[in-house]
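Protein chains in written order, with the working numbering: chain A, 21 to 115; chain B, 26 to 783.
Honestly, I wouldn't trust all of these hints.
Cut-off 27 Å, straight-line C-alpha distance, at most; resulting in silico cross-link-like pairs (DSSO-like, lysine-lysine) [said to hold, decoys possible]: (1) A/45 - A/29; (2) A/60 - B/402; (3) B/659 - B/624; (4) B/557 - B/38; (5) B/308 - B/417; (6) B/108 - A/103; (7) B/38 - B/734; (8) B/747 - B/84; (9) A/60 - B/413; (10) B/557 - B/607; (11) B/417 - B/300; (12) A/60 - A/45; (13) B/680 - B/747; (14) B/117 - A/29; (15) A/103 - B/607; (16) B/108 - B/288; (17) B/117 - B/41; (18) B/607 - B/624; (19) A/112 - B/680; (20) B/413 - B/402; (21) B/84 - B/108; (22) B/734 - B/41; (23) B/117 - A/45; (24) A/60 - B/308.
Quick caveat, the hints were computed from the structure, so don't treat them as lab data.
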Amino acid sequence: MASVEIDVKYVAHLARLALTPEEEKSLGAQLGSILGYIEKLRELDVSGVEPTAHAVPMVNVTRADEIRPSLSQEAALRNAPQKGGGLFIVPKIVE
Amino acid sequence: MLNQLTISELTAKLTKREVSAREATQSCLDQIARVDGKIHAFISHDAGDALAQADAADKSISSGVIKPLLGVPIAIKDVLAVKNQPLNCASKILGNYISPYDATVIEKLKAAGAIVFGRLNMDEFAMGSSTENSAFGLTRNPWDITRIPGGSSGGSAAAVAADECLASLGSDTGGSIRQPAALCGCVGLKPTYGRISRYGLVAFASSLDQIGPFTKDVRDAATLLGVMSGVDPRDSTSVPEPVPNYAASLTGDIRGMKLGLPKEYMIGGLDPEVKAAVDAAVKQLEKLGAEIVEISLPHTDYAVATYYIIATAEASANLARFDGIRYGARVDGNDPIELYARTRGAGFGAEVKRRIILGTYVLSSGYHDAYYLHAQKVRTLIRNDFLKAFEKVEGGREIRRPAADVFVRHLHHLLQPRGDLRGQHSVRFYQKPEAAHRPATAGQAVWRGIAFENRARLRAGDGVAQRKSRALTPPELGLSFLKMLPTRITKKVLFWLGLSLPMAALLAMTWLVHLTGGQFNDSFNYVMQTYKVLDMFEQTQAQIVDAEANQRGYFLTGRQEYLEPYQHAMQSIHDDIRDLKKLTSKEPAQQANLAVLEKMVDEELVFDPATIFTSGQVTTNASVVTLTERGKEKLEHMRSVLFQAHEEQEAALSKHQQAAEQDVVSSQMMSLVLIVAVALALVMVVVILLRLEKLQEFVTVCAWTGQVKFQGQWLRLDEYLKRQFGISVSHSLSQEAAEKMMREIEELNRPGGPPPAA
């Protein structure tokens with residue numbers, strides 16, 4: 021099976037995942053060989069075949085637009101790593 | 026023991042009020058305390074909360090409430106939200122997360138009366154098939170702790186197999202229920218996708234994930250499936266199909282069922298043992314009246330690659346929510362992007378990172394159509410394979426092969442995810458009675474079924490399982506060194522214990538007395554001898570003075586009357602010095618003193634009276650010495666030598682007395698220690714005797730069933746041992762019973778079918 025080159029650094033940035041140089045190196049090799057294996061799907065002619073997103077296709081599942089019970093502010097904030105004044109605290113986003 | 030029962034067995038006992046939910050829960054907690062240190066199926070469990078739920082269940086039972094799971098302890102995989110309990114997905118990234126709500130399945134279990142407890146170990150975010158990828162340490166297979174329990178629901182399977190709970194919940198994306206159930210020898214069921222709400226299940230691959238039960242028999246799996254199934258407004262993928270009575274469909278009769286055996290699964294690389302197990306099962310199914318039909322699933326070879334793409338793509342999207350903002354652990358950064366990356370880099374394990382990267386890659390710009398869309402189309406082809414095959418049969422049969430080497434693992438993966446891609450469900454059960462001997466490598470059967478026809482699969486599984494031993498109880502999980510200790514104290518052991526302990530004490534006492542007596546004797550002799558020496562020193566001094574006085578008188582007057590006392594004194598001096606030398610033979614200092622003294626006596630006091638006046642002159646050295654001033658000095662010197670010897674002897678005596686006093690103190694201490702030791706030994710013997718007292722009562726044993734009468738109740742021997750002595754019992758089959766069972770199975774399989782039920 022062919023090995024596929026993969027730019028791990030770029031993909032890790034897309035995934036918002038900080039990797040050590042060692043991780044980058046080993047992941048690159050491992051994922052390259054997995055992608056090589058996946059290439060075998062190209063043997064199949066899928067022209068005219070509809071994709072399956074879910075095994076049991078259901079569309080437009082909606083519910084009545086009404087207020088239902090939900091988490092209280094206190095419960096929603098209970099697991100926050102940093103909070104204050106009833107809000108999540110995050111690093112500065114705008115200059 | 027109650028923890029070893031199936032759900033149906035326990036609920037029967039609870040309804041009849043033979044046992045309480047508290048007793049059942051406590052026996053699970055006891056089992057956890059006993060074996061989980063070795064297996065590590067649980068990440069954590071809240072014993073107080075479980076017992077409180079049990080008490081509430083007991084209250085309901087006593088007020089006549091009837092619910093399908095009332096009072097049944099069920100443990101939960103660490104991927105399902107249970108209100109006010111921790112939820113970690115076996116990952117570091119969730120920190121100290123406490124669920125603020127119940128998953129729908131948990132609500133349903135609680136509504137059905139179950140005691141929901143414990144957080145079961147798993148591969149991090151359900152990614153893996155060995156339960157080695159957990160931030161909380163790995164789980165071991167209860168049948169053989171050197172082997173993996175499978176995964177990702179390894180904790181769920183191990184906990185049921187080790188009787189730490191009556192049943193458990195797991196989740197299955199690409200085999201995470203079925204494979205560990207096979208490896209641990211319990212029943213695992215992945216229901217049809219959409220059958221059970223996923224609300225409150227932490228998502229891995231949303232189009233494949235399903236929650237399912239781990240149980241000890243097929244009936245229990247049917248019961249739990251019935252409780253958990255149904256549409257849920259909080260999960261838009263749950264399907265509004267009516268929920269049938271699954272348990273009622275378990276008739277044990279599979280005559281006329283058409284079962285498919287995919288030819289693509291009997292491929293090269295299959296373990297001969299697994300193939301033999303499948304062949305044997307096929308034969309047995311045919312004997313039981315089922316029809317086995319060969320079917321074909323032509324796209325089998327593409328299933329794993331398709332699964333890799335779809336599952337990782339969905340995982341990369343689902344796991345984006347773990348960013349350190351609203352919950353879980355956080356590693357700070359200078360801006361939000363850096364915070365996300367650092368938090369995720371530190372929080373996720375290697376396997377999760379690998380899948381996120383792969384999933385992100387196949388979804389990234391320019392690759393989405395080539396990988397993800399393409400895989401979804403192949404998924405349609407695989408799905409069509411099954412739809413076509415199911416036109417011929419009711420249930421497809423697949424082979425699972427649980428082994429741990431890389432090649433077989435790969436094959437294993439190859440066999441695993443097909444059913445998941447097409448949305449069919451599977452039920453798995455143990456296949457061979459011999460599994461008791463080689464549980465972790467035993468071949469397993471997996472039943473595939475048409476979507477929402479879960480009943481047929483359960484029926485097929487139950488049809489075979491009913492004719493096999495249910496109680497594949499794992500071997501005793503006690504510590505091996507404890508096995509070396511006698512498990513009971515016989516009269517013989519007690520006799521030797523009772524005899525040897527007092528004998529040992531007596532011998533020790535005698536030895537101590539002997540030792541102390543010898544020391545006392547030595548001290549006494551020494552003191553007596555030293556007093557004698559001191560006495561003799563004083564006597565010698567007196568004799569020297571006497572001899573000198575008479576000698577001087579004789580020299581001055583020449584009268585004979587001085588001579589006799591002089592000679593008498595001299596004789597005494599010589600005798601005394603001789604005796605002193607003997608008495609102080611072990612004291613070099615005194616020997617030296619005596620040598621000096623003897624020399625001086627010879628020089629100053631000895632003379633020959635016969636020759637002294639022959640020349641009319643006093644000529645001898647002694648007489649000169651005596652008559653001059655130097656003589657006086659010499660005499661003084663002699664006295665001081667004696668005085669010094671006397672002093673030294675007295676000093677030695679007082680030193681010796683101190684040592685003797687110390688000896689007395691230490692021998693007193695030793696006696697005390699010995700007395701305490703003897704007292705402890707006696708207390709031990711008494712305690713053992715009191716324990717044995719219980720055994721010496723008359724025990725009434727039923728002559729027909731062998732049951733034991735205890736407090737007015739007839740109990741099985743294992744129940745009796747547990748209640749009377751608190752002895753834990755593990756169940757096994759004797760050679761005789763196993764042979765009998767095999768004969769019965771053969772009898773049932775004989776042409777003509779099983780004999781009609783009575």
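(message) Does residue 607 of chain B sit within 27 Å of residue 103 of chain A, going by the straight-line distance between their CA atoms?
(response) violated (98 Å)
(request) Would you mind confirming whether the straight-line C-alpha gap from residue 60 of chain A to residue 45 of chain A stays at or under 27 Å? (result) Distance of about 24 Å is within 27 Å: holds.
(request) Assess, step by step, whether the Cα of residue 680 of chain B is no farther than 27 Å from the Cα of residue 747 of chain B, and give holds or violated. (result) Violated: residue 680 of chain B and residue 747 of chain B sit about 66 Å apart, past 27 Å.
(message) Hint check: residue 108 of chain B vs residue 288 of chain B, CA-CA at most 27 Å. Holds or violated?
(response) With a Cα-Cα distance of about 46 Å, the restraint between residue 108 of chain B and residue 288 of chain B is violated, given a limit of 27 Å.
(request) Take a quick look at whether residue 557 of chain B and residue 607 of chain B sit within 27 Å of each other, Cα to Cα. (result) holds (12 Å)
(request) Starting from residue 557 of chain B, check that the Cα of residue 38 of chain B is at most 27 Å away, please. (result) It is violated: about 92 Å lies between the C-alpha atoms, which goes past 27 Å.
(message) Next pair to validate is residue 417 of chain B with residue 300 of chain B; report whether the Cα-Cα distance is within 27 Å.
(response) Given that 27 Å is the threshold and the Cα spacing comes to 23 Å, the pair holds.
(message) Would the hint linking residue 60 of chain A and residue 413 of chain B be met if the CA-CA limit is 27 Å?
(response) holds (24 Å)
(request) Measure nothing beyond the straight line between the CA atoms of residue 747 of chain B and residue 84 of chain B; if it is 27 Å or shorter, mark the hint as holding. (result) holds (25 Å)
(request) Would you check the hint for residue 108 of chain B and residue 103 of chain A, treating anything up to 27 Å between C-alpha atoms as holding? (result) Measuring from Cα to Cα gives roughly 21 Å; hence the hint holds.
(message) Against the 27 Å threshold, does the CA-CA distance of residue 60 of chain A and residue 308 of chain B hold or violate the hint?
(response) violated (36 Å)
(request) Please work out if residue 84 of chain B and residue 108 of chain B have their alpha carbons no farther apart than 27 Å. (result) Holds, at about 22 Å.
When held up to the earlier numbered hints, the structure conflicts with 4, 13, 15, 16, 17, 19 and 24 and fits the remainder.
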